[in-house]
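Quick mapping for you: the protein sequence lines, in order, are chains A and B.
Residue numbering for the first sequence is 9 to 411, as defined by this note's numbering.
Residue numbering for the second sequence is 14 to 82, as defined by this note's numbering.
Keep in mind the hints are simulated off the structure, nothing from the lab.
For clarity, every value in this text was computed on a predicted model and none was experimentally measured.
Ideal placement from N, C-alpha and C gives every residue a C-beta, glycine not left out.
Among the clues, some could well be false.
[Stated by the list, open to error] Here are some of the chain A residues that sit facing chain B, going by a computed Cβ distance under 8 Å:
#1 176
#2 217
#3 219
#4 220
#5 221
#6 316
#7 320
#8 356
#9 357
#10 359
#11 361
[Unchecked claim] Below, simulated SDA-like cross-link-like pairs (lysine to any residue); rule was C-alpha separation at most 25 Å, straight line:
#12 B:80 x A:368
#13 B:80 x A:189
#14 B:80 x A:303
#15 B:80 x B:43
#16 B:80 x A:258
#17 B:80 x B:51
#18 B:80 x A:185
#19 B:80 x B:42
#20 B:80 x B:60
#21 B:80 x A:63
#22 B:80 x A:70
#23 B:80 x A:73
#24 B:80 x B:17
#25 B:80 x A:158
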Amino acid sequence: MRPIIHPGPWLLRPGGQVLATHRLRFGPLPTLSADELADRCAASGVLGRGGAGFPFATKLRAAASRRAVRRHVVVNVAEGEPASAKDAALVETAPHLVLDGAALTAAALRAREVALVVPHERPWLGELLRHALAERPDRGLRWRFHTAAPGFVSGESSAVTELVAGRPNLPVTSWAPTAVAGVAGRPTLLSNAETFAQVATLVLAPDRVPGPATEPGTRLLSVTRPDGIHVVEVTHGSPWTEVLTEEEVDRPVLLGGFHGTWLAPGSLLPLTVSASMREHGAALGAGIVIPLAAGTCPLLRTAEILDYLAAQSAGRCGPCFHGLPALADAFGRAVRGGSTAEVENIVHLVRGRGACSHPDGTVRLAASALAVFADDLAAHRSGHCSAVSGSLPAGLRALGATA
Amino acid sequence: MSGRELRADWPACQARGLCHEVAPELITLDPWGYPLLPTEALDGARLDLAQDAVHACPRRALRLLDKTQ
Chain A
9 MRPIIHPGPW LLRPGGQVLA THRLRFGPLP TLSADELADR CAASGVLGRG GAGFPFATKL
69 RAAASRRAVR RHVVVNVAEG EPASAKDAAL VETAPHLVLD GAALTAAALR AREVALVVPH
129 ERPWLGELLR HALAERPDRG LRWRFHTAAP GFVSGESSAV TELVAGRPNL PVTSWAPTAV
189 AGVAGRPTLL SNAETFAQVA TLVLAPDRVP GPATEPGTRL LSVTRPDGIH VVEVTHGSPW
249 TEVLTEEEVD RPVLLGGFHG TWLAPGSLLP LTVSASMREH GAALGAGIVI PLAAGTCPLL
309 RTAEILDYLA AQSAGRCGPC FHGLPALADA FGRAVRGGST AEVENIVHLV RGRGACSHPD
369 GTVRLAASAL AVFADDLAAH RSGHCSAVSG SLPAGLRALG ATA
Chain B
14 MSGRELRADW PACQARGLCH EVAPELITLD PWGYPLLPTE ALDGARLDLA QDAVHACPRR
74 ALRLLDKTQ
């Protein structure tokens, strides 16, 4: 299903698909050295938009610093999270910003090829990018497409570098950062599509970047609603009431997608959309916002997500492919009125043991649900559910009877 | 602080359990047979045990890295 894209103040301004319009808006693409590009990115503090929020300048300097015959630039549009659609929205609305960012980075690193990793689930994105590329005169630069495998972990950094290197699209153990040794052990600058777009705007129109001076720029957010995923763009510092309705803010919100954390009702009211949210225990991650649907039990919803995440394990790392199903089962029992001790035990066993962050993210979700919905758990142990009115949903019919 | 850290290449580990057999004081196994590794920096006798475990693994799934913090 295609996302519902709201016109935005910067990246999501309509009309950017056509190269001529894009160039009128932003001017020609300059060529910068790695140092120059890194300096500009460091000055504005641009952070990655793929979830980890890593400073782009640091990544760029690391990729540029090692002597290498060849360096790689990889644009990650794979967006494996079901509740995320911001990269798809960006490719539909402003493909040339993404491609400008990638071209700038490739020139800075003297890389002659850019890898574009597109998702299996949204095949039209590859076509949109090819169409945009046909308009561009980027000389001395080759663009190569790779289609990610279906599933949640395909967009993970090491899985992506494996795919670009011609191997199965699955996570592997990283002994060094991707910037140092990525595709085929070579320095690789791998970033999210939105990151490249943000970098492009910094270079092309530094004086026009909206947002506060302390945190210039905007964020693309994916908001899950009953009618689909809405993609919105707001400047840093915007209150959350500009993103969510009053009703949504008053419900529990899962921030950061399926590897994120639950926020209690009203938690977002005093906060603004900013990287500094991390200090309040609510990290933006890749901008995935899932307000709990009205009349839904948050514990049942979490149990569903845990079941999904367990099934999405790559099946390569023992603690993950054994631990996540065990975690989902134990959580299901706790939801139906049982003890949480087994869940806590498995959380400690699984955390930090796997090649990628899939097990860590999954236990983070489980742990946050236990913490934020402690009252709901207590209610379930007494045989009722406070989140739903009327008859209990099927998953809770056996409430009070522990498995 | 110096010392070395024991790290696993999880996709390579097949729960053969030899690391636990040669160094039970250092490495225990989780309910599914996979090693629970010490997280602290190792030196002295514990480092020797860790070296034994690294060499014992038929899948070469263990490495000793310099602990940089």
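Against the structure, the hints come out as follows:
With 8 Å as the threshold, the beta carbon of residue 176 (chain A) stays out of range of chain B, its nearest partner Cβ sitting at about 11 Å, so the hint is violated. Interface restraint check: residue 217 (chain A) against chain B, minimum CB-CB distance 35 Å, threshold 8 Å, status violated. Annotation: interface hint on residue 219 (chain A) violated; nearest CB of chain B at approximately 34 Å, more than 8 Å. Hint status for residue 220 (chain A): violated, given a least beta-carbon distance of 34 Å to chain B, over 8 Å.
With 8 Å as the threshold, the beta carbon of residue 221 (chain A) stays out of range of chain B, its nearest partner Cβ sitting at about 34 Å, so the hint is violated. Residue-level restraint check for residue 316 (chain A) is violated (minimum Cβ-Cβ distance to chain B is 21 Å; threshold 8 Å). Here the hint on residue 320 (chain A) is broken, as its CB sits about 16 Å from the closest CB of chain B, past 8 Å. Hint status for residue 356 (chain A) relative to chain B: violated, with the closest Cβ pair at about 10 Å, above 8 Å.
Proximity of residue 357 (chain A) to chain B holds as hinted, the smallest CB-CB distance being about 5 Å (cut-off 8 Å). With a least beta-carbon distance of about 11 Å to chain B, the hint placing residue 359 (chain A) at the interface is violated under the 8 Å criterion. Nearest Cβ of chain B to the Cβ of residue 361 (chain A): about 7 Å, under the 8 Å cut. The hint holds. This hinted pair checks out: residue 80 (chain B) and residue 368 (chain A) have alpha carbons roughly 21 Å apart, not beyond 25 Å.
With a C-alpha separation of about 19 Å, the suggested pairing of residue 80 (chain B) with residue 189 (chain A) holds against the 25 Å cut-off. For the proposed pair residue 80 (chain B) and residue 303 (chain A), the alpha carbon gap of about 49 Å is over 25 Å, so the pair is violated. Proximity of residue 80 (chain B) to residue 43 (chain B) is assessed by CA-CA distance (about 24 Å); at most 25 Å being required, the pair is judged to hold. The hinted pair formed by residue 80 (chain B) and residue 258 (chain A) fails the criterion: a straight-line CA distance of about 45 Å is larger than 25 Å.
Distance hint between residue 80 (chain B) and residue 51 (chain B) is fulfilled; the C-alpha atoms sit about 12 Å from each other, no more than 25 Å. A hinted pair counts as satisfied when its Cα atoms are at most 25 Å apart, and residue 80 (chain B) with residue 185 (chain A) qualifies at roughly 15 Å. Proposed proximity of residue 80 (chain B) and residue 42 (chain B) is supported: the alpha carbons are some 23 Å apart, at most 25 Å. Taken as a hint, the residue 80 (chain B) and residue 60 (chain B) pair is honoured in the structure, with Cα atoms around 12 Å apart against an allowance of 25 Å.
A distance of roughly 23 Å separates the Cα atoms of residue 80 (chain B) and residue 63 (chain A); the hinted pair therefore holds under the 25 Å criterion. Between residue 80 (chain B) and residue 70 (chain A) the CA atoms are separated by roughly 20 Å; this keeps the pair inside 25 Å, and the hint holds. The hinted pair formed by residue 80 (chain B) and residue 73 (chain A) meets the criterion: a straight-line CA distance of about 23 Å does not exceed 25 Å. For the suggested pair residue 80 (chain B) and residue 17 (chain B), the alpha carbons sit about 5 Å apart, so the restraint of at most 25 Å is met.
Of the supplied pair hints, the one linking residue 80 (chain B) and residue 158 (chain A) is violated, its CA atoms being roughly 36 Å apart against a limit of 25 Å.
Violated hints, listed in ascending order, are 1, 2, 3, 4, 5, 6, 7, 8, 10, 14, 16 and 25; each of the other numbered hints is respected by the structure.
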